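Q: Taking the hints into account, I'd like the entire structure generated from these sequences.
Protein chains: 2
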Amino acid sequence: MDLSAEDKHRLECFLVNIQQYSASFLGYPSAKDFDFSLFKDFLHYPINNIGDPFKEASFKVTSHEFEREVLKDVAEMLRAPEGNWWGYVTNGSTEGNLYGLYLARELFPNGIVYFSQASHYSVSKNVHILNMRHIMIRAQDNGEMDYEDLTDTLKIHRDVPAIIFANIGTTMTEARDDLKKIQSILDDLAISNRYIHSDAALCGAIAPFLDPRPAFDFADGADSIAISGHKFMGSPIPCGVVLAKKEAVDRIAQSIAYIGTLDTTITGSRNGLTPLFLWYSIHLLGVEGMRRRVNKSLAVAAYATEQLNEIGVTAWRNLNAITVVFPSPSVDLQQKWQLASAADQSHIIAMPGVENSDIDCFVNDTKCYLRQTCSN
Amino acid sequence: MDLSAEDKHRLECFLVNIQQYSASFLGYPSAKDFDFSLFKDFLHYPINNIGDPFKEASFKVTSHEFEREVLKDVAEMLRAPEGNWWGYVTNGSTEGNLYGLYLARELFPNGIVYFSQASHYSVSKNVHILNMRHIMIRAQDNGEMDYEDLTDTLKIHRDVPAIIFANIGTTMTEARDDLKKIQSILDDLAISNRYIHSDAALCGAIAPFLDPRPAFDFADGADSIAISGHKFMGSPIPCGVVLAKKEAVDRIAQSIAYIGTLDTTITGSRNGLTPLFLWYSIHLLGVEGMRRRVNKSLAVAAYATEQLNEIGVTAWRNLNAITVVFPSPSVDLQQKWQLASAADQSHIIAMPGVENSDIDCFVNDTKCYLRQTCSN
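Chains S and B, in that order, give the protein sequences. As numbered in my numbering, residues 58 to 433 make up the first sequence, in order. As numbered in my numbering, residues 58 to 433 make up the second sequence, in order.
The hints are simulated quantities; they were obtained by calculation from the structure and are not laboratory data. Quick caveat: nothing in here was measured; it's all calculated off a predicted structure. Fair warning: there could be bad hints in the mix.
[What the hints assert, rightly or not] Each computed DSSO-like pair below joins lysine-lysine, with the alpha-carbon atoms no more than 27 Å apart:
#: 1; chain 1: B; residue 1: K65; chain 2: S; residue 2: K129
#: 2; chain 1: B; residue 1: K393; chain 2: S; residue 2: K65
#: 3; chain 1: B; residue 1: K212; chain 2: B; residue 2: K237
[Unchecked claim] Covered stretches of chain S, as calculated for chain B (at least 3 residues, CB under 8 Å):
#: 4; stretch: 84-94
#: 5; stretch: 177-191
#: 6; stretch: 198-211
Don't be surprised by glycine CBs; every beta carbon is placed ideally from N, CA and C.
A: Here it is as structure tokens:
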């Protein structure tokens, strides 16, 4: 059996398109400096990491052993309490965030979720799916949560458990909510029934290497953290890691006879390749390699800001952010460079794989457009 | 940069393990007659089918065009109402079922979900996540819903919208709930506020080719259907398709400025490879190829039943099922053949890739064990 010549040709053309589109996007948080084709032989087998990665099950075609190592490495990076964490490799941060909020709801069924208006749209979707009471908090101009508004709002609901959904890198400006400030607000109001989830989709793999280190992880008070695998870490398939304190997870464990395991994941059948990809990246780079990768992105972001400022574009970025924000250029330019735009703002994200030369091309395009000499 | 020799060696050994384990399992519903290594070049690029497959978005590194073709082919197979359906490629049927139930809840916030006790454990998990009122219905011995119990239970709640979660192939016995019977029960009780979701994880790709055709799809009254891509269709990565009537989906659409699209999916960032895999399978096999594959599995299942009966094992299967059920053998045998077991019952599933010769080996092992002459 074989594909028709026409179908083969379509796939070939599609691959060329994907190559071109991958080369030209600057506005989305996907690394593009990877190659996982060495895993091609695994595409013959039905690998399925069904259920809990820490439990032996009767189905053996899994990459659970690699998944556990990935989780352990990420747990160390995010300073999870030793021996008191659990997690799994998800299909992406939407699932990881759903999981964190689900845990929070199980612990505090009547809790209110507080999240800033700069949060990703999936947060509203998730609290709606989970049927959770929630209040949106104002954001500051830089995208960070408005702590005064948080304080004022919490004050009115001191009798209700507080579930804080913190953004560690918002989608538009890569703003990071500060867990130390949030903790201190909760302390001041003596709200002890609290749960903090960090949505570190983008910055979970960046923040551990920053100086000063942002207050975002378990040591800073998070009860659960979601990070993406296909963003800074780089994976050809959307994925992520969710970690939570074990005592919270144990509350939702459910005995499952069928697969001979306790399945506390959202998904059930799970991708077995993505844990291998994450394992490969971590082992290929090592901690020092990850740090170098972060520094490289910071340098490219600094360069982009400078170059855009130089041609009169009011570009800016948050402290130690790899996201450069500026007023939206023409629709043509937005499309050509696949820029994500909202409220007349666009951004470039200096992900691994984006080079100064890419910035030069974009800046040149923008300059042409500003001078109206461009064919774009 | 390269992996250490030790790490490379580990991956090589792991591939060998995966090959061996894939060859020996009989108890899980994963096809193993595929090879997707021709897609290796796509493992260089951050393909991400973020958002709605039918909406143009600013991010272009997607396989949306292939996804739409897959959805169209599956919609035809499941007799979706022309021009009045919507869907997307999911990470598996747990997500597809969550989506169906989510739609049902949005349409009928106070509805009660009815599902049989033979349902997959993820159903309980899903109704819990969605915070939906639910009642478990007794199952008949063959795993099919007990329609009398359904009738009696619905009678008591005629004032409440009914959300029926129908199993089209239960996990243990591949029993199919009959949508015609369910519709007629609802009609008799004059319950017009109703929603039927078909969990056709396994049988969605089998039932369209059976004679008599089971009553399970849109033409039979389903409002949404989830099927798995990594089960009968065959994919090295868990995935699936969920389809629903468009008028229901439109109710939950939410305007999303950020990605310039209306994102009604559960996931957000989505796998771009699995739609390509499903497209490839459908184009490689064609409708006739799919029919042949179903017939082959039915023949292997019939052979397994006969052979087991012949050595005195009381094996049986539902009409036109590819799942053969029998009393659980020894733990050693269960582990060797990776059999899923529950309540002292085990099963073999004659998935594509399982041959009569595999059945012979298993039957031989069982015979040895029954005569206690075996080293297993």
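Q: Evaluate each hint against the coordinates.
A: Verification of the supplied hints:
1. Of the supplied pair hints, the one linking K65 of chain B and K129 of chain S holds, its CA atoms being roughly 20 Å apart against a limit of 27 Å.
2. The straight-line distance between the Cα atoms of K393 of chain B and K65 of chain S is roughly 40 Å, outside the 27 Å bound, and the hint therefore fails.
3. For the proposed pair K212 of chain B and K237 of chain B, the alpha carbon gap of about 18 Å is at most 27 Å, so the pair holds.
4. Counting residues of the stretch 84-94 of chain S whose CB lies closer than 8 Å to any CB of chain B gives 9, which reaches the minimum of 3, so the coverage claim holds.
5. For the stretch 177-191 of chain S, the stated coverage by chain B is satisfied: 8 residues place a CB nearer than 8 Å to a CB of that chain, which reaches the threshold of 3.
6. Against chain B, the stretch 198-211 of chain S contributes 0 residues with a C-beta closer than 8 Å to a partner C-beta. That does not satisfy the three-residue criterion, and the hint is violated.
Hint compliance for this structure: hints 2 and 6 are broken, all remaining hints hold.
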